Structure formats: structure tokens, C-alpha cells
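Peer 1: Top to bottom, those sequences are chains A and B. Numbering-wise, this note's numbering puts 133 at position 133 of the first sequence, and it's gapless, one number per residue. Numbering-wise, this note's numbering puts 211 at position 211 of the second sequence, and it's gapless, one number per residue.
Derived by calculation from the structure, the hints in this document are not laboratory data. This structure is a prediction, so every number in the text was calculated from the model and none was measured. Incorrect hints may have been included.
[Claimed, not checked] Derived list of chain A stretches under chain B, where covered just means 3 residues or more per stretch with a C-beta under 8 Å from a C-beta of chain B:
id, stretch
1, 154-162
2, 195-204
3, 221-228
4, 248-258
5, 270-281
In this text, a Cβ means the ideal position worked out from N, Cα and C, and glycines have one as well.
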Amino acid sequence: MSAPAPVLDLRNLNVRLNLPNGRLHVVDGLDLQVARGETLCLVGESGCGKSMVALSLMRLLPKVARWTADRFVLEGREVGGLSERAFSELAGDRISMIFQDPMTAFNPVLTFREQLSEVFFRHRKGNRRAADEKALFLLDRLGVPAARDRLDQYPHQLSGGLRQRMMIAMALMCDPALVVADEPTTALDVTIQAQTLRLLANLQRELDLGLILVTHDLGLVSRIADRVAVMYAGQIVEVGARTAVFERPCHPYTKGLIDCVPVPGRFRRGDRLGTIEGSVPTMVGGLTGCRFASRCPQAADVCVAARPPEHRDGSHHWRCVNDEVSSKAPASRVLS
Amino acid sequence: MTDRTVPLIELRDVSKSFALRSGSLFEAPRQLHAVSNLSLSIERGSITAIVGESGCGKSTLAKILLGLTDPSSGSILVEGEPIERTDRRAYAARVQPVFQDPISSLNPKKTVEQIVRFPLDAHGIGTGRSRTERVREVLKLVDLPDRVLHAYPSQLSGGQCQRVAIARALAVGPELIVCDEPTSALDVSVQANILNLILDLWERTGVAFVLISHDMAVVEIMAERTAVMYLGRVVETGPTERIFKSPLHPYTQGLLSAVMTPDPNAGLPELAVDGLTPDPISPPSGCAFHPRCPKAFAPCDVERPILGETQGRSVSCHLHVRETEASV
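Construct the entire structure; sequences and hints are all you get.
Peer 2: Pasting the structure below:
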């Protein structure tokens, strides 16, 4: 009765960007494990390196980036050492990506049929009918009305919500084991956002996908994640099951983030929201100590001196000098 | 003498439509009705929120308020005077904008000092020295240190850029600042800072704000009055508290149900609103919301509901307005 082998096992991922004004260490010693059927949310603010993690998983990092990992195991197979060409056999097949902006991710001069079947033919043997069937099956699950006609349309002809569903379908054309979604619903309207997430979550359950959802939206995370990893300045500062992280956040950054979110019914007009003072440190050069120390309300001298130790409470891990499991929920949580 | 009872700006039955190029040379151009028969009054020193999703006309409304576009029909009253009779330049100084994307709304080749000073120069307010002083003063108001004076926008963070944009809007001492999605391009922690700043400025300077947003949670803490828009029309408007306590229009209920607050036990929200946003060029018949409305009934797809008073706010929905019309 051991836990199922993870679909992704990533250890000690480091990404460095060689820029004219210095070397940025944008991802620093990051570990990630995702099981089949599991939704892992990678949360953080802009510049925390979460998109860099997503791009390294797809090996789509910009040219100035260099990455290393002790372990990059996909479905039991070490793929970190594969050449770009060999890895491209897996990309779109075993691991695929849903991008944030469905307008720029699609080729504007090709129909959806051409773009969806291109992924299929790249990795599968089969004729047009097989590709169409697969596409129509997915679009039906995603609630796309008049799917057959939509396939002959171009990206500009669909609304943002439908375009994003096309993108989800494209990512699933070859039944991947792992899907990386980078802010998949940020560009959508609020009512469409909830709808799209529900469709994605249903398909994920049906197809038993491992899903890594990269987002800055804590509300969304609290509704959809199985596990949550909170990133700050290139490092994971806290990771654990959804309820553990939201009900007993142990890292001050996680607590601060949760308190920033306005909650209907909790505030009266004119109330001030919680804030996190200061800004993210630049990641040029080596930083010793806790990277959050300069903004942390509880920072002490030890925080600046050395990297804080990792504490564990079951599967709930966090890096902070504070080793106590907080018993108090953050202020913004409505306790009823 | 300003009369306190007259609203600062009043829109009466304002519509704005755009002609679209049609497919054929001989077809009549189609009309996109961005804003239809909208009435709204903005009181001095108030915070008014306009909520809606993309394509609902909220940005067109912002442009009308800013005087950047003229309505196709209807009238705008500035302190009771038709806008045609007021001086356009003076109006521009009284109503200032803050846009969504702080990076692209600041000129990258100008320093912060030049950016914030520009409206003062353009409106010819004060002398050279007093303008320099005013720039420092408003930067202090938005909590920016003096050292950013000579920085360029690219050297600042998104939140700092938005502060510069707010400082620029404040510089000429406007009576109204129209913020079009001022925080939707920002991180949550930065968003909280900017919203707190807007509340501080509102208390300290008494300037009125119009806040355009798609986020109901943001609106609740900020606005005294809220207007919810759908496809160019106001569907519900009234005191924010009342609308949040008991939203009447099914669309308002849908927007509220779609807010995802951090709650690990809630799961994805049950959708009170289904379906996709219709094409604004050919809006549905009757009530434009009826194809997505869970409560649609007989008259909804034929008759367009009118905005009527009920329970301390105005609603345009057959479910509610019928009753009031009968009872009046």
C-alpha cells in the first residue's frame, strides 16, 4: 500500500538567467512531485519564478536560461538528460501545456482543426478521422457548442472563453500524463473563469491527469488544488495539502498573501486590506538567509544570517525559523 | 457657489454606438451599441463602482466620463450645466484618468517628474516653481519617495508605476478620478496597497472616484454606490451594501457567486450563471441576459425590462420590476 509512483518527480531544479547586468538565479533548489489525478497549484506573485518552473518542465526556457536538476523523472523515466529533439517527442504527448493567453498561443492563420490535428499527427499514427474524433470528443466534454463548425474557424472568430477551451483540448489531444497550465483563466471574465475551471477539473478527473496549475490567484487555488506550493523569490517556502496550507499557514508570506485578498461580507466599506510591505528582492548575486526576511513582520537576526531550516508536519513543509504549526487561521478566513 | 445637492456629473439616457465596417460595400454598416440609455449620477466626494465583464461597455463609459468620446445621444450635465456649455479644457482638469496597465500608460522616455508635471504644464497651472513643488507634494500623497523623481517608468515596479499614474491624476487637483481597472494588472499584495491608497486619498483630499472593475470583492470595500452593467446597460444600481446583502438581478447574483475567496472547504463555485457572453454586435432579444439567466421566464426573451426602483435600488429585471410597477 505505497503511494502511487508520481507522474513527475523533480528534484533540486535550478534555473539561472544570464543577463547583461548579471546572472539571475530565478529558480533555486525547487522540488516538485505530482501524482496522477492530482492538482498541484504553484502560487506566487509576479517575478517569483513560477512561470520559469512551468517553462523548464516543457523545456521551453528562453535562450539565456541555463537549468540543472538532480532528478527530472516523468512517468518513471529520467528525461532531464534528453536532447531537445528527444524531449520534443514527449512534449505534447506525455506532458503538455496550457498557456495563459489563448489569443497569442494559437497561430492566427490556421484553423483550429489544423492546429489540433497537428499535435495529434506529431505523436500518433492515424488518419484525419481519428484526429477529428479525438478533437470532437474533447470539445464535447468541454461544452463547446457546435464543435464541428468551430473546428473550421480561426482563433479570432471565437470568444476568449471558447478559445481557451480549444487550448485545453489541444493540450489533451494525445492523452498526456501531466498537464502544465500557466494562469489558464487569468485572461477570462469572472463568470467564464469559474466555468472553464470546472470543465478542466472534470476532464482532469475523467482522464486521471496530473495537473500543475501555475497561478497568482489564491482564491482559485483554495477551490481547486489538492496540494499547494507557495513560491517566493525562486524558492518554495511552503508546500502542503490544500486544507493544511489555507487553514494553518506556517510561513509568514503565505499568511500575508491570504490576508491581502478581499473577501465579500468580511470587510466593511472603507476597511483597509492587509498588505505585505516592501517588494521582492532582486535575485542578482547570492542571497544568504531567508529571502522574505526584508518584508517579514516577524523577521529576526537569524533570518538574515542563514537559510531557515525546513520544518515538517506530515506532508506539510515550510521553511521558516518559526517551527510552530500555527493554530490560528489567517485574519481573512471566516470562521464559522 | 457650488450647490451641494446637484451631482458633480450626471449622465442622462446616454448611448454610444460605433459603426462597424460591414462585409459588403452595399450593406448598411452594423452598429455596435457599446452603451445604451445609461443614466448615472456621480456625487461630489463619492466613490462609485461600475462592475461588469468585458464587452459590457464599462470602458466606453469611462471614456464618456473623461470627455474622450462624445455620446451618440443623451446628455451629460456637469454641476447641472450641459457639458456643451462648459469649457473642455477646464473639464479635462476636473476629471482625470488612471488606466489599467500602469506600465503602458506612462511615457517610457519621460522621468517621473516630467510625467507628473505634464498635466500642470498642459493646463498652465501655477508657475514653474510651484509646479515643481506640487509634483513633490503629490508624490508624497501617494507615498513615493523623492528619489523616484528622476527615475524612468522602466525602473519602477508595477505598483510604483500605478502610484505615479495616480499622482499624475491628482496633480491638477481634480474633482473626479476615473480609475479603469486600476489593479487588475497587479499582484494581490500590490493590489491591496493601491486600494488602500485610493481610500486614503479619498479621505484626505475629498476627490470623487469612479472605480471600474470586474471584481465584486474589490468593489465592496471601496464603493458607496455600485452600478452593474451587462451588454451596455445598467442592470442593477444602488448602495453597495444593499446590493451585496441582497443582490436582485440574476446577473449580479452570478457575479457574486463567481467570486472565489480563499476557502479550502468551498470547492469551485456553483454557477448561478451559465453559458458564454453573447456577441455585443447582435445582442439577444428582450432582456440581453435571458439566454444565460437561470430564472428566465415568458416575457424575458421578448420584452426588454426597464430600470425600475425596488427595495432601495434600481433593477432592470422582469422578476422584480413588474411587481413594483403594479404596486405603484
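Peer 1: Each hint should be assessed against the structure and marked as holding or not.
Peer 2: The hints, checked one at a time:
Coverage of the stretch 154-162 of chain A by chain B holds. Counting CB-CB distances below 8 Å, 4 residues qualify, and the rule asks for three or more. Coverage of the stretch 195-204 of chain A by chain B holds in this model, with 4 residues showing a Cβ closer than 8 Å to a Cβ of that chain against a need of three. Against chain B, the stretch 221-228 of chain A contributes 4 residues with a C-beta closer than 8 Å to a partner C-beta. That satisfies the three-residue criterion, and the hint holds. Counting residues of the stretch 248-258 of chain A whose beta carbon lies closer than 8 Å to any beta carbon of chain B gives 3, which reaches the threshold of three, so the coverage claim holds.
Check on the stretch 270-281 of chain A: 8 of its residues sit with their Cβ under 8 Å from a Cβ of chain B, so the three-residue criterion for coverage holds.
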